[in-house]
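Trainee: Chain B: place on chain A using the hints.
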Amino acid sequence: MSTFTILFSIARKEFIDHLRNGWIIAVGLAFAIFSLLITFAGFGFTGTVGIGQEQSTLFSLINLVIYLVPLLGLLLSYDGIAGEYERGTLDLLRSYPFKTILLLYGKWLGLFMVLASTLIVGLTAPAAVSIYSGHTIQAWTLLLITSVWIGIVFISIAIMFSVLILDRAKLIAIAIGIWLLFVVLFDLGIIGLLVSTEGDVPMDLVNILFYLNPTALYRLLSIDLMMDSTMIQQLGLTGQIPPTSALIVAITAWTIVPTMIAGWRIKALGK
Amino acid sequence: MSRTQTITNAENSSLLVESTISILSLSKISKAFPGKAVLKSIDLSIEPGQLVALVGNNGQGKTTLMKIILGLLEPDEGEIIIDGEIATANRTITQKASFGYLPETTAFYPNLTGLETLNYLSSLKQGAQSRVVEVLSIVGLEQAAKYRVKTYSKGMKQRLGLAQALLGNPKLLLLDEPTNGLDPSGIHEFYQILGQLKKEGVAILMSSHLLAEIEPRSDALALLKDGIISAHGTVDKLITSAELPSIIKFKKGPHFNTDILEKILQQHVTEKRYLEQTETFVLTCLPTHKQALLLELLTADGLITELIVNDPGLEELFLQLNNGLKIT
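Protein chains in written order, with the numbering used here: chain A, 1 to 271; chain B, 1001 to 1328.
The reader is advised that the hints may include incorrect statements.
[Claimed, not checked] List time: in silico DSS-like cross-link candidates among lysine-lysine, alpha-carbon distance up to 30 Å:
| # | chain 1 | residue 1 | chain 2 | residue 2 |
| --- | --- | --- | --- | --- |
| 1 | A | K267 | B | K1171 |
| 2 | B | K1150 | A | K271 |
| 3 | A | K170 | B | K1252 |
| 4 | A | K170 | B | K1150 |
| 5 | A | K267 | A | K99 |
| 6 | B | K1036 | A | K271 |
| 7 | A | K267 | B | K1146 |
| 8 | A | K267 | B | K1263 |
| 9 | A | K99 | B | K1028 |
| 10 | A | K271 | B | K1028 |
| 11 | A | K267 | B | K1157 |
| 12 | B | K1157 | A | K99 |
| 13 | B | K1154 | A | K170 |
Bear in mind the hints are in silico, worked out from the structure with no lab data behind them.
Chain A with its partners taken away, still in its complex shape:
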């Protein structure tokens, strides 16, 4: 039996299992409604400050993604392995004739498929409206790719904790905690730091702090890839965004490192 057959069997089961879980569809639709509202609001918010319709819409959508997609990734995945453990299927699958690490990768792949599908559903309608209005497909494609990617980062983080903790009750609290930390408290902390020091903080330190938060990296990368120079200037970020390659490497590290830790732990189960 090939590794890929096993991998895709696990991913397929994960996808079907979540698809039948109604709230994933609900989240996709909610995302679509929010995105459409933002898109139409973006069209109404044009001209006066010199920002193009598409730019304002995309910037608002980037912020929507920062709030919703990490939460979606975390809630999708927090019980990925712990759920198997509590159902009794983790030991069962570990007794099966395949390498246990494939269970982890198969889960990861399946959750990626669920997240990508949800975001495609959520972004298709506003993208269609925008493209129909004469805007390019490129920025929307980039938005989809980066949004899925930040979701994957949080899937990786959630799976890592799922393998380490193996307790769904604790994990739901941890998932909410991670979301609050990275999406809400981190920005507040930076603002607090700047206010308390009256802005007397070296920019290098602020940049280093950004690398500790994947959502901050995502915001910077999305702005770097999708916003034009006028928009970047309006946002006060001219010359402040780290190199694209550094951002990509950092987000890749946020994807790979938690997955590696999860892989190490799942292989060590029972030892």
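Mentor: Same frame as chain A, but now just chain B:
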């Protein structure tokens, strides 16, 4: 197939069954968790077509032993041989494929149907895809297979669990409390399935608390107590070795004679009672005297009537072993 069985003293930790053909052989397996030694130098062998029952109170290490056999836990000491090959630390895919495992409780995936669940699990086992319909039929879930698992009763989930254990033609089935939640007819059907599998040469290691269920169906029994196998062998041999007394009841016959009865009882009986209300004698007799006692009672013309002999069963043996009885 030749087999030699040696029953050793319980204080020496276990009884060793040596076999010329074993699908599984454990030697001196030990496992400790922080603050507690769960298994101490366990020896056990299982041959093709044999059903070995693993019994013991909760917390005696039955599930831990099963997990070690499956490779889910590593033993601290000892050796595991699967089909003639050492498999103590790392399992090959082939060795893993030789097992079928039914955990004590498995909820499976509520949003998948029974058929989808088995199709999924079969895709993870070598050569199992072609057996999905067959195992559904074996466990009697053909009709229910199209419904989602969340609608299944506990018994149906157990059947589904057994079905997945049968995927891939395993040589050894490890069943952890398999009849939990099954109704009486389900239990009957379950053992019929196991009987058929035994005929096909499948070895079965089954843990259970249900002694009355195991007694007539197991080929051998291993009692886990305080981390050791305190008794191992066929139920009959263990009961004989334990020298548990039989209870013999009878009423006065038409030619009853107290002197003759007393003379017989003096030679063979350890305890005697007379229940006036039912006019019944109740005797306790060691197995070494039972045959002679019955012979004398039955040949004394008209001395007794309505004779009933209650031989000790597995439950009695289990209780006595748990109370510290040593088998030599």
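Trainee: With reference to the structure, classify each hint as holding or not holding.
Mentor: Each hint tested on the structure:
For the hint linking K267(A) to K1171(B), the alpha-carbon distance of about 26 Å falls within 30 Å, and the restraint holds. A threshold of 30 Å between alpha carbons decides the hint, and for K1150(B) with K271(A) the separation of about 33 Å lies outside it, so the pair is violated. A hinted pair counts as satisfied when its Cα atoms are at most 30 Å apart, and K170(A) with K1252(B) does not qualify at roughly 70 Å. Distance hint between K170(A) and K1150(B) is fulfilled; the C-alpha atoms sit about 24 Å from each other, no more than 30 Å.
With a C-alpha separation of about 9 Å, the suggested pair K267(A) and K99(A) falls inside the 30 Å cut-off, and the hint holds. At most 30 Å may separate the alpha-carbon atoms for a hinted pair to count; K1036(B) and K271(A) meet this at roughly 16 Å. Taking the CA atoms of K267(A) and K1146(B), the gap is near 35 Å; set against the 30 Å cutoff, the hint is violated. For the suggested pair K267(A) and K1263(B), the alpha carbons sit about 72 Å apart, so the restraint of at most 30 Å is broken.
Under the criterion of a C-alpha separation no larger than 30 Å, the hint pairing K99(A) with K1028(B) is consistent with the structure, at around 27 Å. Under the criterion of a C-alpha separation no larger than 30 Å, the hint pairing K271(A) with K1028(B) is consistent with the structure, at around 18 Å. Between K267(A) and K1157(B) the alpha-carbon distance is near 28 Å, which keeps this suggested pair within the 30 Å criterion. This hinted pair checks out: K1157(B) and K99(A) have alpha carbons roughly 26 Å apart, not beyond 30 Å.
This hinted pair checks out: K1154(B) and K170(A) have alpha carbons roughly 27 Å apart, not beyond 30 Å.
Violation of the numbered hints given earlier is confined to hints 2, 3, 7, 8; the remaining hints are satisfied by the structure.
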